[in-house]
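Engineer: Sequence:
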Amino acid sequence: MSVSHSKKIGNVGSDNWNSISRSEFPELSQAFQQIVEENNGKGRVSQAVKRLCAVAIAIQLRSDALIVITIKQAIVSGASRDQVKEAIGIALMMNGGPVFEYGVRALKAFDTFNHKGDKSNG
Numbered sequence: 001m002s003v004s005h006s007k008k009i010g011n012v013g014s015d016n017w018n019s020i021s022r023s024e025f026p027e028l029s030q031a032f033q034q035i036v037e038e039n040n041g042k043g044r045v046s047q048a049v050k051r052l053c054a055v056a057i058a059i060q061l062r063s064d065a066l067i068v069i070t071i072k073q074a075i076v077s078g079a080s081r082d083q084v085k086e087a088i089g090i091a092l093m094m095n096g097g098p099v100f101e102y103g104v105r106a107l108k109a110f111d112t113f114n115h116k117g118d119k120s121n122g
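Just so you know, the sequence shown maps onto residues 1 to 122 in the UniProt record's numbering.
Derived from the structure by calculation, the hints contain no laboratory data. Be aware that one or more of the hints could be misleading.
To be verified - The list that follows gives simulated cross-link-like pairs (lysine to aspartate or glutamate, EDC-like), each with its CA atoms no further than 20 Å apart:
(1) 116 to 101
(2) 50 to 101
(3) 85 to 111
(4) 108 to 86
(5) 42 to 27
(6) 85 to 101
Said to hold, decoys possible - Listed next, with one range per pair, are the computed distances between beta-carbon atoms:
(7) 82 to 43: 20 to 26 Å
(8) 39 to 97: 32 to 38 Å
(9) 97 to 63: 19 to 25 Å
(10) 96 to 46: 23 to 29 Å
(11) 72 to 93: 22 to 28 Å
(12) 36 to 102: 28 to 34 Å
(13) 76 to 113: 48 to 54 Å
(14) 102 to 28: 38 to 44 Å
(15) 37 to 107: 42 to 48 Å
(16) 72 to 27: 37 to 43 Å
Cβ atoms here follow ideal geometry from the backbone N, Cα and C, with glycine treated the same way.
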């Protein structure tokens with residue numbers, strides 16, 4: 001992602017999104033803000049860990065705007081570059097595991113619906 005592209009996404013994601021959501025959906029925006037504040041409060045999980053979880057989820061959602069927002073928040077919370085790399089690895093693991101699981105399901109479906117009984121390798 002180019003620098004100019006990331007700045008554009010960051011501006012859209014953090015500035016315009018908040019003002020548009022507040023004006024167009026005031027009740028939903030207020031309810032969402034309450035959820036955000038509740039989850040941003042002090043708890044048993046550090047802010048850095050919360051932000052790293054958010055980074056991994058943003059990656060899973062394939063959302064450039066959320067990636068920019070959550071990375072900025074992770075930096076502010078003190079997360080390191082190496083920690084972000086681990087969060088990326090977790091996102092990969094969580095995407096790869098389900099893909100593999102559903103791949104096995106596809107193979108089982110093949111075996112179920114293949115009346116020829118062909119289980120050969122080629």
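Engineer: Next step is simple, just say for each hint if it's right about the structure.
Structural biologist: Each hint tested on the structure:
1. 116 to 101: violated, 24 Å
2. 50 to 101: violated, 27 Å
3. 85 to 111: It is violated: about 39 Å lies between the C-alpha atoms, which goes past 20 Å.
4. 108 to 86: Roughly 33 Å separates the two Cα atoms, so the pair is violated.
5. 42 to 27: violated, 25 Å
6. 85 to 101: Distance of about 24 Å is beyond 20 Å: violated.
7. 82 to 43: 20 to 26 Å: Cβ of residue 82 to Cβ of residue 43: about 24 Å, so the range 20 to 26 Å holds.
8. 39 to 97: 32 to 38 Å: violated, 25 Å
9. 97 to 63: 19 to 25 Å: holds, 21 Å
10. 96 to 46: 23 to 29 Å: holds, 27 Å
11. 72 to 93: 22 to 28 Å: holds, 24 Å
12. 36 to 102: 28 to 34 Å: The hinted range 28 to 34 Å holds for residue 36 and residue 102, with Cβ atoms some 32 Å apart.
13. 76 to 113: 48 to 54 Å: This hint holds: roughly 52 Å between Cβ atoms.
14. 102 to 28: 38 to 44 Å: violated, 33 Å
15. 37 to 107: 42 to 48 Å: holds, 46 Å
16. 72 to 27: 37 to 43 Å: violated, 27 Å
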